[in-house]
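Asks: Could you slot chain B onto chain A? The hints should help.
Number of protein chains: 2
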Amino acid sequence: MPPRLAAYLTQKTAVIEKALNNYLVFPPDVPQELAEAMRYAVLNGGKRIRPALMLAAAELLRVAEPEILPAACALEIVHSYSLAHDDLPCMDNDDWRRGQPACHKKFSEAIALLTGDTLQAYAYEIIARDCPPESALELIKNLGAASGIYGMAGGQALDLSGAVRTLPELQKMHSRKTGALLKYAVTAPLCLAQADAATRQALRDYADAVGLAFQIKDDILDATGTTEALGKTPGKDAGGNKVTYVTLLGLEKAAELLAAETNKACASAKIFGEENLLLTMAQYLLERKN
Amino acid sequence: MPPRLAAYLTQKTAVIEKALNNYLVFPPDVPQELAEAMRYAVLNGGKRIRPALMLAAAELLRVAEPEILPAACALEIVHSYSLAHDDLPCMDNDDWRRGQPACHKKFSEAIALLTGDTLQAYAYEIIARDCPPESALELIKNLGAASGIYGMAGGQALDLSGAVRTLPELQKMHSRKTGALLKYAVTAPLCLAQADAATRQALRDYADAVGLAFQIKDDILDATGTTEALGKTPGKDAGGNKVTYVTLLGLEKAAELLAAETNKACASAKIFGEENLLLTMAQYLLERKN
Chain A
1423 MPPRLAAYLT QKTAVIEKAL NNYLVFPPDV PQELAEAMRY AVLNGGKRIR
1473 PALMLAAAEL LRVAEPEILP AACALEIVHS YSLAHDDLPC MDNDDWRRGQ
1523 PACHKKFSEA IALLTGDTLQ AYAYEIIARD CPPESALELI KNLGAASGIY
1573 GMAGGQALDL SGAVRTLPEL QKMHSRKTGA LLKYAVTAPL CLAQADAATR
1623 QALRDYADAV GLAFQIKDDI LDATGTTEAL GKTPGKDAGG NKVTYVTLLG
1673 LEKAAELLAA ETNKACASAK IFGEENLLLT MAQYLLERKN
Chain B
1423 MPPRLAAYLT QKTAVIEKAL NNYLVFPPDV PQELAEAMRY AVLNGGKRIR
1473 PALMLAAAEL LRVAEPEILP AACALEIVHS YSLAHDDLPC MDNDDWRRGQ
1523 PACHKKFSEA IALLTGDTLQ AYAYEIIARD CPPESALELI KNLGAASGIY
1573 GMAGGQALDL SGAVRTLPEL QKMHSRKTGA LLKYAVTAPL CLAQADAATR
1623 QALRDYADAV GLAFQIKDDI LDATGTTEAL GKTPGKDAGG NKVTYVTLLG
1673 LEKAAELLAA ETNKACASAK IFGEENLLLT MAQYLLERKN
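Chains as they are written, first to last, in our numbering: chain A, 1423 to 1712; chain B, 1423 to 1712.
Bound-form chain A, shown alone:
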């Protein structure tokens, strides 16, 4: 990773961790197990890719960090809620997450369910309370759309339906399941910025390409990684008879598509200059080991 990006990620991840930590301090009279589970679900070593993308896009759009940070935390909290629910036995049934017991294994299924529910409510509350009022409603609308039936939850339903068989179907499913939140990460700062049409379009194109690349990389890691490196059980997709970019294309073609989409993302990001944070983020996402 380029030293500039490494320093950026280290610094921004620290900012995000601190802010998430602050948001997850509760007074003593709340149900303590639920509070602990909420902290566990969010503060367990996630890579913070989504909020880091949001802070990077915000910086390029000259949006001040304190203005976007609550939305970045809300986004990571929504992502965390979805993981707590996805890991449940009735969904993906995964006992491990980021190298630790999944929320329902550490606590209980009921608490993991409530943890997801209350984290989701909290995410919207945070934006409504802490983002600039003139942008907060748009941030909330877009987060709702990105995580609801048109986005993440809808994509998960498509995935569960077993109807995904072809490459276009796979792409459509993932553009919702993982792509919509990644796109929100990159485009949410536009709600707080003055940006021309070309810049807006470049960010959308970047987000689409990065979202696709992200999922291809995930599928490649799932097919080739170890539990230790991934922090979760690899090979579940193949084992579960699921269609992935690797099962459809083979490893080699999947890697080619990953490279092509990363290049597309980088080309779009060049509107911000020959070297910039989004460009290097795309490169980091390509090279990541988990």
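What the hints contain is simulated information worked out from the structure, not anything from laboratory work.
There may be inaccurate statements among the hints.
Since copy identity is lost for identical chains, a pair holds within one copy or between any two.
Pairs of lysine-lysine, DSBU-like flavour, derived with a Cα cap of 30 Å [to be verified]: (1) Lys1527 x Lys1469; (2) Lys1469 x Lys1563; (3) Lys1594 x Lys1528.
Replies: Same frame as chain A, now just chain B:
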């Protein structure tokens, strides 16, 4: 029921049903099973007590119906999401809801989980999109607080913890689990109204008393009702060894407390006149059969 209230409820329930129906029409390219499950979870004959309370309070506060209706729908959608999740095997494990198979029996546990998740996201999106912008952020903040760890989800966690043994503990649990959303129903219109301090306090007192009465009535119905009348399995609380107002106080004392809290609610509501919608709503909630 007084004829005036009966007419009011019939008219308002129709308004709410129509608005909910409109909100739950989706284009053909969303995952159809999830869309169907969302409609099923919301449009299956609920009594619409919460949105009806909200419209009643709004009317007394002279808030125009179109301004509050989206928030009333969002509230009912949040309530519906919580029922879909509460009925799941890992939570209350109830196969019946409003006389029909629970969402997870009609569809699957995974779909019921996603249904709740996506309904919750949609509720916030609706308020952000359709409520008057100058009030929407407060409506969202308050809904988040009422349904998260300080409210509904926190109350459910307390309930699950098994730590509720005494009357004050029961009251605290229910003030969160069911009381917080009922209070939101009654007080949300304040975000759109000019109201003096006495009116605000009266609405809060009314909401507290109605919330408590509502739960006592639920416990009495659970102890005395039939599956047919309730549309769900009665006696689950007693069977599950749960503390309720009936197990703690006995039927007779529980009925006395119900009457006392209803009287308190009515006394608070009198700030709007000797006969008014909130007053008669409290009377209706006392007399309801399911």
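Asks: Could you tell me which of the numbered hints above are not met by this structure, giving the numbers in increasing order?
Replies: No numbers; nothing is violated.
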